[in-house]
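Chain by chain, the residues:
Number of protein chains: 2
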Amino acid sequence: MILFIEELYLKKNAHYAILDSVMNIYETRWEKLCLSMKAENISLLMFEDKECRRDSSIRHLTGHPSDALFFLNPEKGNLLAPWDVNLANQLAHADAIIPYNEFGREPVKALVKSASYFGLDGLWGRPRVEVPPSTPYPLFLQYAAALPNCEIICRNKGIHARESALRAVKDESEIRIYRRLAELTNELLDSIETNVRDGVLETEADVALFIEAQARKRGCEGSSFETLAAGSERSFGIHAFPSYTDALFAGKGLSILDFGLKYQGYASDVTMTFARDASSEQKELLDLVESAYNLALSHVRDYASVRDAAAAVDGLFASVGRILPHGLGHGLGLDVHEEPFINSRVDNYEILKTGMVFTIEPGLYDPRLGGCRLENDVILGPDGTEVLTKSRIVIL
Amino acid sequence: MILFIEELYLKKNAHYAILDSVMNIYETRWEKLCLSMKAENISLLMFEDKECRRDSSIRHLTGHPSDALFFLNPEKGNLLAPWDVNLANQLAHADAIIPYNEFGREPVKALVKSASYFGLDGLWGRPRVEVPPSTPYPLFLQYAAALPNCEIICRNKGIHARESALRAVKDESEIRIYRRLAELTNELLDSIETNVRDGVLETEADVALFIEAQARKRGCEGSSFETLAAGSERSFGIHAFPSYTDALFAGKGLSILDFGLKYQGYASDVTMTFARDASSEQKELLDLVESAYNLALSHVRDYASVRDAAAAVDGLFASVGRILPHGLGHGLGLDVHEEPFINSRVDNYEILKTGMVFTIEPGLYDPRLGGCRLENDVILGPDGTEVLTKSRIVIL
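Protein sequence lines, in the order shown, are assigned to chains A and B.
For the first sequence, the numbering used here begins at 1 and goes up steadily by one.
For the second sequence, the numbering used here begins at 1 and goes up steadily by one.
Extracted from the complex, chain A is given alone in its bound form (with noise of 0.2 angstroms):
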């Protein structure tokens, strides 16, 4: 039973209600895709974003910002099959929208109807069909036995690790969408310090709940992960658990809160470190970070290896016994982690390239003294390197 698709394949661009140059960043990204396709003869390609596998690439590739299926073919365009296609038919751009319920909610089913519907069946040879690298073992082998005449690939540094790599270096209209979530985050830094110095803001709740509220009251979708306020009690931890309680926040010692925005769908994230009555020791602590946290951006530039900035943190912190017990930055966009992943482990080639996104976030933990981190927002531009959001130690 095909013939509801193809009678949706004459809609196509029939919900391109929207401005053009809209319409072509979607297009430009499907070309570069199609293009590596073609290199590697991949006749069919298959993203999945569903609860227990996410993947915002179906967002990047088509604005969808839900649950769905998504297939592209070089020649004859793609096909998203959303798990809700009211929101599908407001938000998203593709060549044809599916409801998933025609196909069962079966990503098997799909895959073969979508093999069908761009006509992998009258090929020669043995069609490549590119699968999602999370795709488990298991759906791996229903995907190859519902298709044997197709060859099933499922790899790591396939056409997904292309899309995550196009996806690192940001367009002009991301690189839009971050100026004015830069400025969001940057205002929301600034009445969070006037709220806490106030004491306005007392408990951890308290500012998780504030940040929150301001996300939603200036437009945002919300935060871009569950907040994480930390006071002086355990911020030695690296991720508090639970992320926040009804406990005193930025009380004597050192208190960590660690935050990020979502708009349009893009994360920002930054960590502010208060200090109340700091002794010497921790003094001397938040200094070390700070420092590292220069050092870091020193070394941040265009076509330089992500190591040379984590090797020259480990470096700082070595010489006086300390060590960063996590990665020092990661890339942002649609996912609040994704590549570039900034670490200084020696499998690490990952390059710094003009259009990228990333977080610096240097931090030491101790249990006896607390925890501080300084994490900022970066971007790669043409003309250097520029912090976008202002998060700071602060002093009390």
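Source of the hints: derived by calculation from the structure; they are not laboratory data.
Heads up, some of the hints might be wrong.
[Said to hold, decoys possible] Across the chosen pairs, the derived CB separations fall in these ranges:
hint	chain 1	residue 1	chain 2	residue 2	range
1	A	Ser319	B	Gly104	22 to 30 angstroms
2	A	Cys52	B	Ala145	19 to 27 angstroms
3	A	Thr354	B	Ile351	57 to 65 angstroms
4	B	Glu102	A	Cys52	25 to 33 angstroms
5	A	Ser280	B	Lys50	37 to 45 angstroms
6	A	Gly122	B	Pro367	38 to 46 angstroms
7	A	Gly119	B	Gly321	36 to 44 angstroms
8	A	Asp366	B	Lys50	21 to 29 angstroms
9	B	Asn195	A	Ala146	48 to 56 angstroms
10	B	Val387	A	Ser280	53 to 61 angstroms
11	B	Leu295	A	Glu27	48 to 56 angstroms
[Unchecked claim] From the derived model, a few chain B residues whose C-beta atoms are all more than 12 angstroms from chain A:
hint	residue
12	Leu120
13	Asp121
14	Gly125
15	Pro148
16	Val169
17	Glu172
18	Asp190
19	Gly199
20	Ala213
21	Phe236
22	Ala312
23	Ala318
24	Val320
25	Leu334
26	Lys353
Source: prediction; values computed, not measured.
Just so you know, even glycine gets a beta-carbon here, dropped at the ideal spot from N, CA and C.
Chain A is fixed; fit chain B onto it per the hints.
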């Protein structure tokens, strides 16, 4: 370099500074899994809980609430490899705790070392090692290459499915948690209704942030999922996007509030519909949902097929030309969506059993009239069905 593991092994039980009765909960769970492993001659079972592949089974089996790997051997005990070892030392129950960092945070290294730790290299034949059914195909190949002398098993209906089935039937300690969680949820339902009636909570964000604040104040870990507050303009969507905004809530028409609390790891999940100045058509919709809810409850009992209740509701809605566009309900536990899944799919053979906790949540969504859903949490107790939570349709 296995020395550090042996050293830690000697410390077995050293961190058990907790009540014996609490320990026994976990030991009982381990024993049940080990029985299944022995029956299928599985020598090593692996669980993985990480950002892109969440699995609350590790919390169920050890109490550890955060990123980790967990390995079980039916003869020699088990091993937890947590990302945050401080947190694990506070909260986790396991025969041995080894920081995931010691394995270079590499699942392949961790699996190989665990196989060695549990003496699999000394076994005759090809020991059977079962990895999670969510294991991506490329990772499965890496496991198989790294352990050529073992048979690597990855299947949907293996020991991990057995663990899911065990989780679906709550034990006494879990039922005690659910009784307290229901009280907390019910207090909040009452206070939301009062505050909406009094005009204290006006916008979608007001309601959502009130819930989050109350959750933390009442000692919960937070919301069990992002609160969905959809005013009458957008309640026709099953899952509105974004989940709440600064728009009016509970204005003229039908508004939906879907939220849950997370208490000691366990989730509640309720939906309240608010109707203000409802038209007669809207009232019909509300009555229909309420009838469906009562009809579903009448079909919920020990040893009933989950399809019975769902088919009854389907029939009722079909008689008036309407459709339930989502499942009728789902199990609750450490995940907000887990077994049993209550729907009328022909391949759903799930049977309800004493000890299960699940939602019943019929809903109807009409682009013109708006949406209505009524959802409560139900336990199948030894004396029959008991509705734990007290959500309702609120007429304003």
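Quiz item: Against the structure shown, which of the earlier numbered hints fail to hold, in ascending order?
Solution: Hints 20, 21 not satisfied by this model.
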